[in-house]
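Chemist: Below are the chains, spelled out letter by letter.
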Amino acid sequence: MIEIKNLKAKIDGKEILQGINLQVNAGEVHAIMGPNGSGKSTLANVIAGHEKYEATSGTVTFNEKDLLSMATEDRAREGLFLGFQYPVEIPGVSNAIFLQTAINEIRKYNNLPELTPKDFLDKMKEKAKIVGMDSSLISRSVNTGFSGGEKKKNEIFQLLMLEPKLAILDETDSGLDIDALRVVSNGVNEFKNKNNAVILVTHYQRLLDYIVPDFIHVLYNGKIIKSGGKELALELEEKGYDWITKGEA
Amino acid sequence: MSVEVKKIDAIEHYTLSAEKVIANNKNKFISQLQSESKSKLSSVKFPTLKTEEWKYTNLKSLLGSEFIHSAELEEFKITSEDVEKVKSINFENYLLVFVNGVLKKELSDFQELQNKILISTIPESIANNKTIVEKHLSKIAVNKTAFDYLNLSNFVDGLFIQIPDNVVLEKPIQILNITGSMGKPTFVPTRNLFVVGKNSEATIVQKYVGKGEKYFNNISSEVFIDTNGTLNIYKIELENENSYHVDKTDVLQSRDSNFNHFNFSFGGKLVRNDINTELADENIECTLNGLYIANGKQHIDNSTFINHAKPHCTSNELYKGILDDKSRGVFSGKILVERDAQLTNAYQNNNTILLSDDATVDTKPQLEIYADDVKCTHGATVGQLDESAMFYILSRGIPRDKARAMLITAFAESVVTGVKIEALRNELNSLINENLNRD
Ligand SMILES: Nc1ncnc2c1ncn2[C@@H]1O[C@H](COP(=O)(O)OP(=O)(O)OP(=O)(O)O)[C@@H](O)[C@H]1O
Ligand SMILES: [Mg+2]
Numbered sequence: 465m466i467e468i469k470n471l472k473a474k475i476d477g478k479e480i481l482q483g484i485n486l487q488v489n490a491g492e493v494h495a496i497m498g499p500n501g502s503g504k505s506t507l508a509n510v511i512a513g514h515e516k517y518e519a520t521s522g523t524v525t526f527n528e529k530d531l532l533s534m535a536t537e538d539r540a541r542e543g544l545f546l547g548f549q550y551p552v553e554i555p556g557v558s559n560a561i562f563l564q565t566a567i568n569e570i571r572k573y574n575n576l577p578e579l580t581p582k583d584f585l586d587k588m589k590e591k592a593k594i595v596g597m598d599s600s601l602i603s604r605s606v607n608t609g610f611s612g613g614e615k616k617k618n619e620i621f622q623l624l625m626l627e628p629k630l631a632i633l634d635e636t637d638s639g640l641d642i643d644a645l646r647v648v649s650n651g652v653n654e655f656k657n658k659n660n661a662v663i664l665v666t667h668y669q670r671l672l673d674y675i676v677p678d679f680i681h682v683l684y685n686g687k688i689i690k691s692g693g694k695e696l697a698l699e700l701e702e703k704g705y706d707w708i709t710k711g712e713a
Numbered sequence: 002m003s004v005e006v007k008k009i010d011a012i013e014h015y016t017l018s019a020e021k022v023i024a025n026n027k028n029k030f031i032s033q034l035q036s037e038s039k040s041k042l043s044s045v046k047f048p049t050l051k052t053e054e055w056k057y058t059n060l061k062s063l064l065g066s067e068f069i070h071s072a073e074l075e076e077f078k079i080t081s082e083d084v085e086k087v088k089s090i091n092f093e094n095y096l097l098v099f100v101n102g103v104l105k106k107e108l109s110d111f112q113e114l115q116n117k118i119l120i121s122t123i124p125e126s127i128a129n130n131k132t133i134v135e136k137h138l139s140k141i142a143v144n145k146t147a148f149d150y151l152n153l154s155n156f157v158d159g160l161f162i163q164i165p166d167n168v169v170l171e172k173p174i175q176i177l178n179i180t181g182s183m184g185k186p187t188f189v190p191t192r193n194l195f196v197v198g199k200n201s202e203a204t205i206v207q208k209y210v211g212k213g214e215k216y217f218n219n220i221s222s223e224v225f226i227d228t229n230g231t232l233n234i235y236k237i238e239l240e241n242e243n244s245y246h247v248d249k250t251d252v253l254q255s256r257d258s259n260f261n262h263f264n265f266s267f268g269g270k271l272v273r274n275d276i277n278t279e280l281a282d283e284n285i286e287c288t289l290n291g292l293y294i295a296n297g298k299q300h301i302d303n304s305t306f307i308n309h310a311k312p313h314c315t316s317n318e319l320y321k322g323i324l325d326d327k328s329r330g331v332f333s334g335k336i337l338v339e340r341d342a343q344l345t346n347a348y349q350n351n352n353t354i355l356l357s358d359d360a361t362v363d364t365k366p367q368l369e370i371y372a373d374d375v376k377c378t379h380g381a382t383v384g385q386l387d388e389s390a391m392f393y394i395l396s397r398g399i400p401r402d403k404a405r406a407m408l409i410t411a412f413a414e415s416v417v418t419g420v421k422i423e424a425l426r427n428e429l430n431s432l433i434n435e436n437l438n439r440d
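First to last, the protein sequences are chains A and B. For any residue, its number in the numbering used here is found by taking its place in the first sequence, counting from 1, and adding 464. For any residue, its number in the numbering used here is found by taking its place in the second sequence, counting from 1, and adding 1.
This is chain B alone, in the form it adopts within the complex (with noise of 0.2 angstroms):
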């Protein structure tokens, strides 16, 4: 008997059903912005090994799948219940829940939001904002590939926040992004346009769960902010074992301007978080932050990108690995320091700890520069846990489990602790032991 293996090509596979979402969307200005992004689809091709950001993640297994798309599967059911499990508690918050990237109102509780500030779907948000969604959606990605055209092209609802000039949210936005497969491999395609307005500020925590079998959880998101305008995103990535997560965020920062970015990751079977931060006017400030636990098999790669375009801005990255088993961790952070950026300061750390003799890293820091006043560093080291210290709390009768969860949280601390929600911070320390001890 021989085995009919099915070759599927991706990119033909994903044109096939951006056309099937643009045939069935009535909104002129976003079918005509998903036809042109399906036809730059149809003549790319997706990065392989032998493209250099792309040289140490390996996407084969994701393109060989057949995901098929989640508007044409059967609309996965999501109760309450299901939403009070996995929501972050313990703070007062808004509430949007996404369902395969579908905005579930029923599930949220964002009514009172709607007086502060503009929150919609994108498609929704053309009706009444189409001035601003026009001059940014698809308008501030950068070094864009496959991935960009196929989450524009295929895309459904999305969501855009505005937050007016001189807004200041107190409470956080949580957006509960729900991805959920049954029988089939479930392509989600999730999209986000955050624009913030002059010397507002607002609080994102991005919650990515993984229900039943294999999906692939496609996200793009653009991120705005205006002069003095301050955003922090709190991204928490919780996919299932078997699941791809490929995110693209890229962001356009304006004079005097905020943006903090903590990225968690500790799910998902191969996971790609690519930021891109444009640094546009002077007096700038971005923070760009992660912590990824891998164990099995898992593959996390996060591939960062400041641009420092204008003088006195500072950027800051740290990002901290704990790797278990056979995984694997990809850090690639480049900084580009242009000939105007005077007075420039950048600094980039990437720390990993090997628990296992299989475990890998590979660490890419590069640093372009053209200003000659910059004060630039990048440091990047790999080791383990830290034998002094854990014989200092063994020393004290605490057994060596505990010991291990406790030299964890010390490493992660420098990355929990900019987090500014004090029971999210509570819930990423549990997060980070249970995930430690998980088989």
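Next comes chain A alone, as it looks inside the complex (with noise of 0.2 angstroms):
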């Protein structure tokens, strides 16, 4: 699905990720922990073509084809979904008209024929029913004075409208109440099967509660420091990170 090789990048002149090196497979999901800072949203960032961050060196590669090269539109395009740690207000677009266009877009580029109005609306409810998105939510502007935890809900609505072949999911999780965080991983655990793939960033097991990841990658100034399965996520709950970025510069 994707495989990412060397990767480094700046921001503004400063270094930030200094060598990644993941590969996610179709069928996986994968969580990247690390503390605050550690350059967890630059990696999600760059992926997906935030255009302040530059890319030094290294490759990405998704679906056999070179993404830093690509718009960052062609990346949404070929199957590439971020979700927001901090999704944006944008007041005066509905949701509805948001997606419809962002969905015809995406299909436009893969030569598939627009979404009747119909089949677009019949998919919207069938998908708001997933994450509790009531129709007046819907109907409202885009983020635009929701709060924290129905923007995270908006984020895994358009990730199960927008159906794309890779979630890169940022704290998806953060500032959710326990009622919402099951609501959240529904979406997620609906969304996902054996021909798409996930990356969690996360700051908390409990999530890996609720989707269970099948590797957890530890993000560290900018480097993977340490892989291993779901098991090392109730080890880093108990020990911090301490014990594995003692002797890291």
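The set of hints was computed from the structure by calculation and includes no laboratory data. Any given hint might turn out to be false.
[Stated by the list, open to error] Straight-line distance between alpha carbons at most 20 angstroms, and here's what the computed SDA-like set of lysine to any residue pairs gives:
1. B:421 x A:555
2. A:589 x A:599
3. B:403 x A:604
4. B:21 x B:185
5. B:403 x A:571
6. A:615 x B:21
7. A:478 x B:389
8. A:474 x B:85
Since the structure is predicted, the reported quantities are computational estimates derived from the model, not experimental observations.
Quick one: dock chain against chain with the hints and give me the complex.
Modeler: As structure tokens, this is what we get:
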């Protein structure tokens, strides 16, 4: 699905990613953990194509294509999705119009006909149910005036609507109460199948009780310093990061 | 071969055109007023860059051109099909169509309105409502400049609307001002007098549409709102790209009244909008909002003055601009809080997005506060489109031009949302998009 080799990236002249290697295959769930400021969002943003970040070396191959040379919107059209740590408000643009535009642009790129308004509405109803988005929220402007939890649910709603091949979810679990966490996790589990893949960025083991990862990676100072199976999360929860970061610069 | 440049003296030129207007005017009261105004005009000068209130707006090209009064030119023909194409639709409204400042009854549709309110041209109004017209005509305007005298001495038809006491008009009045010029640069003086009675309420959609070639549209509006009255004005300006639009609106508000003015500027080579509101009694609310979109070399200047004369009044101002290419925006907002005006709330904001490195904006907030117990705030921001929001939209597969349009809709939203007519909000959103993608 995606193969990241020795990826280095900087923002405003400051090197943040110091050589990341990561391979994610179809059907897998990977979790990336690590202390604040270690570069998790940077990695997600570089992959998704935020222009403020500059990839200085390394390669990212996404389904056999060179991702780093692709425009941001084309990465999405190739099947990449980023769930934002801080979703952006767009007043005056309804969720429905936003999603309809996105879906049809993605379909157009992939030589598929536009969804009919009816098919689109049906799909919206079906997916909204999964994350408990009521119709009033959908008719409102994108994220505008949404609570923190509603914004995160809306990210998962978009994920379900856009049906990407790879979803990178940056702290979609942060700031959620236990009910919302269940709803969001349930949404991700609905999405997941053997043909797609998920990268979860999280600080909390509790998310991983609901979405069970195949691999866990610890990012520290812009490098993956440890990888392991799901039991690594429990160890981190118990002992913190000190025992692995010791001796790392 | 030498090119002969005819230098025109604007004061002399427009004094002459006023003379012809006055000679043709059969109405004694008005011709008297116009004669006085004409002599004032001949004794003043037009503002220059040295005039403080006009220091960002250069009038040289406007005043150096020889615009001929539309009354001296052949009539500009507008058909009902033309009207259909440009009027605002999808909401119930009464329609008044003016072509080059002259009311075209055959293109209008407001019979029903005549049973409810007084509505006529200004000369017609003298016959039936002399006292009220006499009381207000040219009396509300403050800070008069040459443009005031120019307009008063040169206007031909004008519009008088009086909403009697205790009348709430459910349907808005749409005033469609079509300005047209063929061959010769045309001067069109347009004049309005709106009087809203006690406890009455009305909404006016003022739409300015340009046709043909170069013209100079000069507008004076005077507004009086009596006790507990409400007036909403939505002004949509769509002049053509060679034209000049100089509008001065003066408002006098009485106790417990409410005035909401929205100014949407899209067209015009040079646009200057002055709004002066006098909050002359207690518990008044006044909202002045504006949105302007400019590209090419357009110049759009919005100048507001709110005079808080009495206690317990609130004013809100929000002006937003989106400037592309080499366009220039100006916002100057003066707020005067008099000694007597305790417990005043005055809020002012001006936000601008510059889409190109060559676009510029000048913002001049001016707060003069002589009362001590007041809440006054003002803020101005100038920036580019928000990068992280752009990234968010692109990351959903939406192309850059659509993403840009979405962000601009989002930016304009806080102004557009105040318009209480849904169909008009939709029209405004499409106008925003059309005008952004215009080349
Ligand atoms: N514009 C910038 N200029 C310089 N440094 C920056 C800039 N933006 C981010 N950084 C730095 O990059 C580092 C990595 O930030 P990043 O947001 O990727 O961390 P993170 O692992 O996602 O943290 P968190 O868990 O708090 O979300 C931080 O040290 C941050 O301060
Ligand atoms: Mg982060």
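Chemist: Against this structure, judge whether each hint is valid.
Modeler: Each hint, compared with the structure:
{"no.": "1", "hint": "B:421 x A:555", "result": "17 angstroms, holds"}
{"no.": "2", "hint": "A:589 x A:599", "result": "8 angstroms, holds"}
{"no.": "3", "hint": "B:403 x A:604", "result": "19 angstroms, holds"}
{"no.": "4", "hint": "B:21 x B:185", "result": "18 angstroms, holds"}
{"no.": "5", "hint": "B:403 x A:571", "result": "16 angstroms, holds"}
{"no.": "6", "hint": "A:615 x B:21", "result": "66 angstroms, violated"}
{"no.": "7", "hint": "A:478 x B:389", "result": "19 angstroms, holds"}
{"no.": "8", "hint": "A:474 x B:85", "result": "57 angstroms, violated"}
Taken one by one, the earlier hints fail for this structure at numbers 6, 8, listed in ascending order.
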